[in-house]
Amino acid sequence: MPAEKYSSTPNSGLLSDIDDIIRKHQNRDGALIDVLHDVQALYGYLPEQAMKRIAEGLSLPLSKVYGVATFYSLFTLEPKGQYVIRLCESAPCHIRGAVQVLSAIEEELKIKPGETTPDSKFTLEFTSCLGVCGVAPAIMINDQVYGNLTPEKVKEILRSL
Amino acid sequence: MAFYRAHVLVCGGTPCELGGCRAVKDTLLEEVNRLGLSSEIRVLETGCLGPCDQGPVIIVYPEGIMYARLQPGDVKEIVEQHLLKGRVVNRLVYHEKKEEAKSVVTFESSDYFGLQERIVLRNCGRINPESIEEYIAHDGYRALGKCLTEMEPAAVVQVVKDSGLRGRGGAGFPTGLKWSFTAKTDSNQKYIVCNADEGEPGTFKDRLILEGDPHSIIEGMAIAGYAVGANKGYIYIRGEYKLSIERLQHAIRQARELGLLGTNIFGSDFAFDIEVRSGAGAYVCGEETALIESIEGSRGEPRYKPPFPGVSGIWGKPTVVNNVETLANIAPIILNGAAWFRGFGTEKCPGTKVFTMTGDINNEGLIEVPMGITLRQIVYGVGGGIPGGLGFKMAQTGGTSGGCLPKEFLDLPMDYDTLAEAGSALGSGALLIMDDSHCIVDIVRCFMKFFKHESCGKCTPCREGTTRLYELVTKITEGKATNEDIALLTELSRVMQTSALCGLGQAAPNPLVTCLKYFEEEFGAHLNGYCPTGVCTMPVANVKVG
Ligand SMILES: Cc1cc2nc3c(=O)[nH]c(=O)nc-3n(C[C@H](O)[C@H](O)[C@H](O)COP(=O)(O)O)c2cc1C
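If you read the sequences in order, they're chains A and B.
For the first sequence, position 108 matches number 108 in this note's numbering, and the numbering has no gaps at all.
In this note's numbering, each number is its position in the second sequence, counted from 1, plus 161.
Bound-form chain B, shown alone (with noise of 0.2 Å):
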């Protein structure tokens, strides 16, 4: 193998390559080679690095200098003086936007980085994820090959149950529990779902865990089969994700060919295929019996419960269904074991959560951090604080079926149980920050239109509380609702929560129930034909009353 001096890793990401990431990899190369280096450095394309917003971005090891924000007519420079002559292109280096942060010299030594724990996204920004063979060399399928010749199907079980792994798509079920159901059950067809549909607003993690380490699922879901005894999977992705689908059937066609995926897998009798299903746009779908719908072909619409599909999914037999990110813990666990896998997060919710932060945050972008870590950890250490000067007036977690949380909330651990308990919860790992030039009814409004439009229609607390619930708040928003009509959404929003068919119409509420608690005197103001931030257009002059 060539031996390189230095090695450029470029994002490949979808947020950087609507930066134009592409064309700064084109440059790169040109000029490497033109400066024939091409022997010397070599040029790769990754996975997400993790800092979106600051797209493009490229790494130069062996130094692990960052860069950020590059157009190609920087290349030249970083080429001519970083690569040629070892001198760092300070210009262009990426700085953590952290109002008193002095210029980061290495990536690894950023707060950004430095609070970061990656099991998730190991290899994300570190391989090319259209290889294989890297994939490997980074222990990739040594996992699936140990389950295989090593160990008993129930030892798998047991090993995903003792982790204390709970599923990462948002409701956090234990997943070596929901295995060991799926294994118990007694049939000659079973499946494993990879739920990849991922429409939480604010949610893009496995679109860049897909994008950045494809095999790294495959093998998860290969492991799963094994585990449970099914020998089809079906990786469920919304229709929108692109590059992850054809990150995906490149992969699937690369396992194939080197036996990973098929027949006599490590030589032993068990066989596991994979099939790519796209979405076609529908929230609900990401509800895994909304889901299983839509694989067979129908409207994406829940089914009553129980049955549960670990019993009867797909066509009726018994179905695993796990996120990406559950499964991309899988063979991290199967290697390293139990105990090691415990050694991160809390003792309720081991190992890490990649969150996705976006709105009024310096670093906006994917990271992955231990389980309980404080959300002022997350704010002010890895997410670089609030940009202009502005004050911290909420944190949404969870997507926009999460709940809001106001600033004395700061401190709480965020693990499943914790924010459940606050009324919010941990769900996808969404993190929506807004700053207090924001008006809380406004974004209530715009929770409240989405339900609105994702409601399937099938039961009727959801299809028309959604509606019902948008056209109050949009009331409030107009200065034109009275305390009858708070009322009257905190009762409707108690009938939602206990009797909507699925988790969308249950958790719709969420957001609207915590900000009428939290922001009580903001929703008051409004009653009295006051916006506090002027966000909301008064039918009177906005003028302070009391």
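Chain A with its partners taken away, still in its complex shape (with noise of 0.2 Å):
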């Protein structure tokens, strides 16, 4: 996803693409999730202004859309890094060593978990088992998963971004 995407905020040619969106899922029953989904990947948040828009143009209470926007961990209310990198700190990551891991990003990025770079490149967070323990430990930056990980291939792939 380009870069520029991550700093909008959304203006009126935007919002037009937020009722583009509406207009996609609108004669579906529950589009709420989806409509989230899709307009994220637009801004890659969910600004204010925009759950406003989707709440209006699919007639739900504004709270039924923060609601749930709140309640899914890949929906995010405030701007993040250009690379989100979600670290899996689930069991079997935690045996092949995801901690030695978890270090090394630390290490060079300068950031904790829930923190982002100064230069907004980088955002770091845990997250729930990846789904691919065959190779664990596993972390996923923005939609690319990458296994098998040691501290000194996650520096390597940080540097490569």
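No wet-lab data here; the hints were simulated from the structure.
All values derive from a computational prediction rather than experimental measurement.
Heads up, some of the hints might be wrong.
Claimed, not checked - Straight-line C-alpha distance at most 25 Å; calculated PhoX-like pairs for lysine-lysine:
#, chain 1, residue 1, chain 2, residue 2
1, A, Lys112, A, Lys155
2, A, Lys112, A, Lys52
3, A, Lys64, A, Lys110
4, A, Lys64, B, Lys636
5, A, Lys112, B, Lys613
6, A, Lys110, A, Lys153
7, B, Lys636, A, Lys112
8, A, Lys80, B, Lys613
9, A, Lys121, B, Lys636
10, A, Lys153, A, Lys80
11, B, Lys619, A, Lys64
12, B, Lys478, A, Lys64
13, B, Lys403, A, Lys24
14, B, Lys478, B, Lys322
15, B, Lys403, A, Lys80
16, B, Lys393, A, Lys24
17, B, Lys393, B, Lys345
18, B, Lys678, B, Lys613
19, A, Lys153, B, Lys403
20, B, Lys509, B, Lys322
21, B, Lys345, A, Lys64
22, A, Lys80, A, Lys112
Join the two chains, each given in its own frame, into one complex according to the hints.
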């Protein structure tokens, strides 16, 4: 995804993009989650104005949109770094050295989980199981999963981005 | 149809993809073309072959030689030596990592493969998952055809009942019985839901089934729809499973094109269609009522039961929720009959179970074995034992919400009832093996952190309980806990097990309770300020007390 989308706030032009998304899903019951997925793909996060527009468009109370957006961990109300690193901290990865991989990332980027680098390039987060335990320990950077990691390998990956 | 003298199957499952299987496949195609072999040798991408930690893997037929850990640079040698001159490239052949094992010549003759029985994974690693024609060539959609043209819905329910198939999503509820409840309801709209949320840590079977054989799920759902009188299906799948989502959508389009989904299927008046819905990162949404809330577009908080979804599910309509693996069993049962299915596994748990082996085990990956196989056969047979000559410390069955079993339980048959008696669960089929270099309290802390994060917050026992369990266990790992804390943990666990609203809070204490019971000494040592494995950082130097 291009970087500029991550920092943009919706202006009227972008609000019409939201309307397009709503129209695409409108005739399906329970479409809110899919709409949120698409809108987040557009901005990189869910800005307040966008949620208001979604609430109007789907005739839902804003509280419902907000409630759903804050329930699911893939949704975020804050802009994040260009690359969101999600480190799996489930047991299979833990056993295979996720802690060392975490230390390597922290050392390389000088941030802790939940933080973003000052240049907005990287955000570090924890995630539950990514379902690639056969190649543990694993991380996901944006949509890409990386497995069989070692502290060296993960540093190499970060430097290549 | 062209006749090929050799087939090269490239495993295209996500674990192999992460290892770079696409580049291997592209190089293979290039080399085969370069040598002008493209009319003799067919290169295909298939679903998961199993040994995920050794990826990328390929199998060369007719010999059945598996090559592992391939890099594009290895491909030329395989093409020039094996495919051109018939010489197996020993250097690259898949080896069982067992200490005493010699190199394995064919994949089928390895212990890894030999102990397996493939019903659910019948097509995984054998067909191209993106080709409906190949699925059909392997008896695909024949079971659906049989149901629609030769069987009454009630007869379909009866066969599934007779087969003794139990739900593979964790609870082990008899599938035929579940279907019969929904079949009996009188409603103008019913739904079939395939639960592909698969959030249980250590589980990745559903992902690989969907990637490797998506049509088997579509067929299973359509049969379920016919059996109970539903004409709409939802597949609820984790948002993280990109490849599975793509494969499913592709497969659904193909099935629609051939009229296998839609109206008048097989010329009957049965109509069925499927919509894919993806989750957004919440473990609790795997719980069937939370999943239904999520499909309705709400926060995925579990509902009170009863009423059960079978009677009142999506939009209050009768809804059958079945796991991916459960549905993958349906077509073979219909085609081969209940008695055939009962020929596998045990009396109370017929059939097979797909497990995902992770942790300290030589063959990490996906396997399918008969129900009732012992833990020892899995760990030391199929699994190839524990690497580095270390000892077996424990196995956690059923994922993070399952219990932890020490070596005394190695000869336990793996089925729903036996494991429940031992305080654990068969659950989703996740199997985490841990060697004796790890600390039991440290790993319990990791389990508790998971539940603290995933509790949805709707009911108090779970919302508060998971956080307190985590804090208390953390205290133990810091060497600051007392016997009173252990008593508190035990009491809190009991409260959660008996009063949490859904399975999440009820099962969260399982690993803790079993570890307190089976690894009492190690907990005791921590209370004395000593971590036997040296993993936990203790306030005073790690000196053994007493
Ligand atoms: C917290 C929690 C998570 C669950 N996650 C899953 C899951 O990821 N996949 C699944 O099939 N079942 C899951 N289940 C079980 C479902 O509630 C339900 O029993 C199952 O989908 C029924 O299908 P089956 O009868 O075919 O097993 C979960 C249950 C709980 C309590």
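Structure-based check of each hint:
At roughly 15 Å between alpha-carbon atoms, Lys112 (chain A) and Lys155 (chain A) fall within 25 Å of each other, so this suggested pair holds. Taking the CA atoms of Lys112 (chain A) and Lys52 (chain A), the gap is about 32 Å. The hint is violated against a cut of 25 Å. For a cut-off of 25 Å, the pair hint linking Lys64 (chain A) to Lys110 (chain A) is broken: about 37 Å separates their Cα positions. A C-alpha spacing of about 38 Å is found between Lys64 (chain A) and Lys636 (chain B), which places the hinted pair above 25 Å, so the restraint is violated.
Distance check on the hinted pair: Lys112 (chain A) and Lys613 (chain B) sit about 19 Å apart at the alpha-carbon level, within 25 Å; holds. For the suggested pair Lys110 (chain A) and Lys153 (chain A), the alpha carbons sit about 17 Å apart, so the restraint of at most 25 Å is met. This hinted pair checks out: Lys636 (chain B) and Lys112 (chain A) have alpha carbons roughly 22 Å apart, not beyond 25 Å. Taking the CA atoms of Lys80 (chain A) and Lys613 (chain B), the gap is near 24 Å; set against the 25 Å cutoff, the hint holds.
For the suggested pair Lys121 (chain A) and Lys636 (chain B), the alpha carbons sit about 36 Å apart, so the restraint of at most 25 Å is broken. A threshold of 25 Å between alpha carbons decides the hint, and for Lys153 (chain A) with Lys80 (chain A) the separation of about 24 Å falls inside it, so the pair holds. For the suggested pair Lys619 (chain B) and Lys64 (chain A), the alpha carbons sit about 16 Å apart, so the restraint of at most 25 Å is met. Note on Lys478 (chain B) and Lys64 (chain A): the hinted pairing holds, with a Cα-Cα distance of about 22 Å set against a maximum of 25 Å.
Distance check on the hinted pair: Lys403 (chain B) and Lys24 (chain A) sit about 21 Å apart at the alpha-carbon level, within 25 Å; holds. In summary, the hint linking Lys478 (chain B) to Lys322 (chain B) is supported, as the alpha carbons are separated by about 23 Å, within the 25 Å threshold. As the CA atoms of Lys403 (chain B) and Lys80 (chain A) are separated by approximately 21 Å, the hinted pair is consistent with the 25 Å bound. Note on Lys393 (chain B) and Lys24 (chain A): the hinted pairing holds, with a Cα-Cα distance of about 20 Å set against a maximum of 25 Å.
A hinted pair counts as satisfied when its Cα atoms are at most 25 Å apart, and Lys393 (chain B) with Lys345 (chain B) qualifies at roughly 17 Å. Between Lys678 (chain B) and Lys613 (chain B) the alpha-carbon distance is near 22 Å, which keeps this suggested pair within the 25 Å criterion. With a CA separation close to 24 Å, the supplied pair Lys153 (chain A) and Lys403 (chain B) stays within the 25 Å bound. Among the hinted pairs, Lys509 (chain B) with Lys322 (chain B) is consistent with the structure: their alpha-carbon atoms are about 12 Å apart, no more than 25 Å.
A distance of roughly 35 Å separates the Cα atoms of Lys345 (chain B) and Lys64 (chain A); the hinted pair therefore is violated under the 25 Å criterion. Proximity of Lys80 (chain A) to Lys112 (chain A) is assessed by CA-CA distance (about 14 Å); at most 25 Å being required, the pair is judged to hold.
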